[in-house]
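Peer 1: Since the structure of chain G is provided, determine the placement of chain R on it from the hints.
So the chains spell out like this:
Protein chains: 2
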Amino acid sequence: MKIGIVGGTGDIGEGMAMRLAPRYEVIVGSREKEKAEQSCAASIDLLKKRGQTCFLKGVSNQEAIDGADIVILAIPFKHLAATIATLHGFENKIVVSPVNPMEKRDYFVFVPPPEGSAALLVKKMLPASARVCSAFNVIAANKWRALDEELHYAVPVCGDDVDAKRQVMEIVNSTSKLQAFDGGPLAVSAMVESLTPLLLNIARYNKMRDVGIQFK
Amino acid sequence: MKIGIVGGTGDIGEGMAMRLAPRYEVIVGSREKEKAEQSCAASIDLLKKRGQTCFLKGVSNQEAIDGADIVILAIPFKHLAATIATLHGFENKIVVSPVNPMEKRDYFVFVPPPEGSAALLVKKMLPASARVCSAFNVIAANKWRALDEELHYAVPVCGDDVDAKRQVMEIVNSTSKLQAFDGGPLAVSAMVESLTPLLLNIARYNKMRDVGIQFK
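Going line by line, the protein sequences match chains G and R.
Adding 92 to a residue's 1-based position in the first sequence gives its number in the working numbering.
Adding 92 to a residue's 1-based position in the second sequence gives its number in the working numbering.
Excised from the complex, chain G in its bound form (with noise of 0.2 Å):
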C-alpha cells in the first residue's frame, strides 16, 4: 500500500512519514520537490541508524498524489483550501485528513469552517469518488517525531466509507502503539478535531507537554 503524504515536510508530515515508512510504501510531497527530497534523505538516515529499513521518496506534492492509494493532507488548516485547488487527481483515493481548524487566541479555540469541519471543508472541495476521513487529529508534532517513545494513544478515525475507514484503521494500529476508534461518519469530525485544542489547553493549563487522549 503506498501513502502519499501532502505536506510531509512540514511540522506533522516529517515525523508522520518515519513512523509509516518502515510499514508501507512513504511517499512525501511537498510544494519544493527539492524539500521533499532533502528530507527524505534525512529521514532514511536517521531510521538506518536506528537499524530500520524503510521506504520513503521525496517528490512534489502532486507526484505524492498521483502516486499513492492512499494521501494524508498534513497541512495547517489555514492553508488547506489553497493547497487543495492547487491539485488534482484524488479520483477513488482514500483521503485522510489530520487537519484541526483552530486559532491561538489567550488559549486555543476551535474555529470551524462553514462546512463544520476540515475534513468535511476537504470533502465538499474533493471530486466525490474521493474516499475522505479523518485521522491523526490528535497526535502532536514533537510525538510523531520523538521515535524512541511508543505512541499509546486513541485516535478516533471518521468516515462514510466504510472500507476506507477500516484500511484507515488498519495503518492507525498498525502505527506504534496507537490504537484507532470507529469516530462514526464525516459529520461528527468536527468533535473529533476539537479535541487538539482542547488537548494544547490542556497542557498549557496544567504545564504539561504534547498531552494525547486515551479512551476507557
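Take these hints with a grain of salt, some might be off.
What the hints assert, rightly or not - Rough simulated footprint, nothing fancy, chain G against chain R, three-plus residues with beta-carbon under 8 Å: (1) 198 to 207; (2) 276 to 288.
Stated by the list, open to error - Keeping only pairs whose Cα atoms sit at most 30 Å apart, straight-line, the calculated DSSO-like set for lysine-lysine is: (3) 299/R <-> 269/G; (4) 308/G <-> 299/R; (5) 196/G <-> 216/R; (6) 308/G <-> 269/G; (7) 308/R <-> 308/G; (8) 269/R <-> 299/G; (9) 141/G <-> 125/G; (10) 196/R <-> 216/G; (11) 141/G <-> 94/G; (12) 308/R <-> 269/G; (13) 170/G <-> 94/G; (14) 308/R <-> 196/G; (15) 196/R <-> 308/G; (16) 308/R <-> 299/G; (17) 141/G <-> 308/R; (18) 94/G <-> 269/G.
Claimed, not checked - According to the in silico footprint, chain G covers these stretches of chain R (three or more CB under 8 Å from chain G): (19) 244 to 254; (20) 293 to 305.
It is worth saying that the hints were derived from the structure and are not from the lab.
Here a beta-carbon is modelled for each residue, glycine too, at the ideal position from N, C-alpha and C.
Peer 2: Below, chain R alone, put in the same frame as chain G:
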C-alpha cells in the same frame, strides 16, 4: 462545604450525590421535594449498607440553591434554560455546569446554543456575581451510580474565576479517582462539552460501554 445539586434525582444527579455525600454535605434538589426526600432516603440506606456515613438531604431545587455554597446544575440541556428561569439566589455562589448540549440523530452530535456552550448560556442567565465553572461533563450516569467501581477519568474544568475553579477542581480530585485538569476559561467550555457526544459515538461504534477519557 455544602454542595447543592439542582436536578439531584435525575440520571446523573443521583449517582453524583452518592459519590459526593460521604465527603461533603450534599443537598439534593428536585422539582418535587418529596421525590428528593425519597431519593436521599434510598441513597443513605445504600451507603449505610456499604458502611459509609454521609450527609444527604432532599429538598426543592430552590432550597438546594439557598442552602449551598456550590450549586451543581445536573439538568439535561433541553430543560436547562427553563429550569434556571424558575430559580433565583445564585448571587456569589459557585455554579457548576456538567451540561452537554447534544442531540441524538443516527449518531450523537454536539449542538451548542448561540452562546457557544451550555456553560456560557448559564453564565449569561445568572447574575454577574455567580462564579460559573463547567466540570464533570464526561462522566456517564452509569459510572456515577456504579459505586463499586472507582472512576479513573480525567475531568477538564473550565472557568474564569481562579478561586472558584480551584475549589471545583478540589471537589473533582476528592471524588473517587477522578483527576481534575484546568481546561482554561469558560470561553473554551464548548470543546469540553463536545467530548460527551464524541464518547457516546466511540462507545456506539466500537461496542464499548460508558467510555471515559484520560489525558496522557
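Peer 1: Using a Cβ cutoff of 8 Å, are there at least 3 residues of the region 276 to 288 of chain R near chain G, or does the coverage claim fail?
Peer 2: Our answer is that it holds, as 9 residues pass the Cβ test (under 8 Å) against chain G, meeting three.
Peer 1: Taking only the CA atoms, is the gap from residue 269/R to residue 299/G under or equal to 30 Å?
Peer 2: Satisfied, since the Cα-Cα distance of roughly 20 Å is no more than 30 Å.
Peer 1: How does the region 244 to 254 of chain R fare against chain G when you require at least three residues with a CB closer than 8 Å, holds or violated?
Peer 2: Contact hint for the region 244 to 254 of chain R vs chain G: holds, 3 residues under 8 Å.
Peer 1: Would you mind confirming whether the straight-line C-alpha gap from residue 308/R to residue 269/G stays at or under 30 Å?
Peer 2: Roughly 14 Å between the alpha carbons, so the hint for residue 308/R and residue 269/G holds.
Peer 1: Under the criterion that the straight-line Cα-Cα distance not exceed 30 Å, is the pair residue 196/G, residue 216/R satisfied?
Peer 2: Holds: residue 196/G and residue 216/R sit about 24 Å apart, inside 30 Å.
Peer 1: Are the Cα atoms of residue 308/R and residue 308/G separated by 30 Å or less?
Peer 2: With a Cα-Cα distance of about 12 Å, the restraint between residue 308/R and residue 308/G holds, given a limit of 30 Å.
Peer 1: Straight-line Cα separation of residue 141/G and residue 94/G no greater than 30 Å?
Peer 2: 24 Å, holds
Peer 1: Verify this for me: three or more residues of the region 198 to 207 of chain R with a beta carbon less than 8 Å from a beta carbon of chain G.
Peer 2: Contact hint for the region 198 to 207 of chain R vs chain G: holds, 5 residues under 8 Å.
Peer 1: Is residue 308/G within 30 Å of residue 269/G, Cα to Cα?
Peer 2: Given pair residue 308/G, residue 269/G holds - Cα atoms ~15 Å apart, limit 30 Å.
Peer 1: Between residue 196/R and residue 216/G, does the CA-CA distance stay at or below 30 Å?
Peer 2: 24 Å, holds
Peer 1: Sort out whether residue 299/R lies within 30 Å of residue 308/G, counting only the CA atoms.
Peer 2: Given that 30 Å is the threshold and the Cα spacing comes to 12 Å, the pair holds.
Peer 1: Would you check the hint for residue 196/R and residue 308/G, treating anything up to 30 Å between C-alpha atoms as holding?
Peer 2: Holds: residue 196/R and residue 308/G sit about 22 Å apart, inside 30 Å.
This entry satisfies every hint, going by the numbered hints stated previously.
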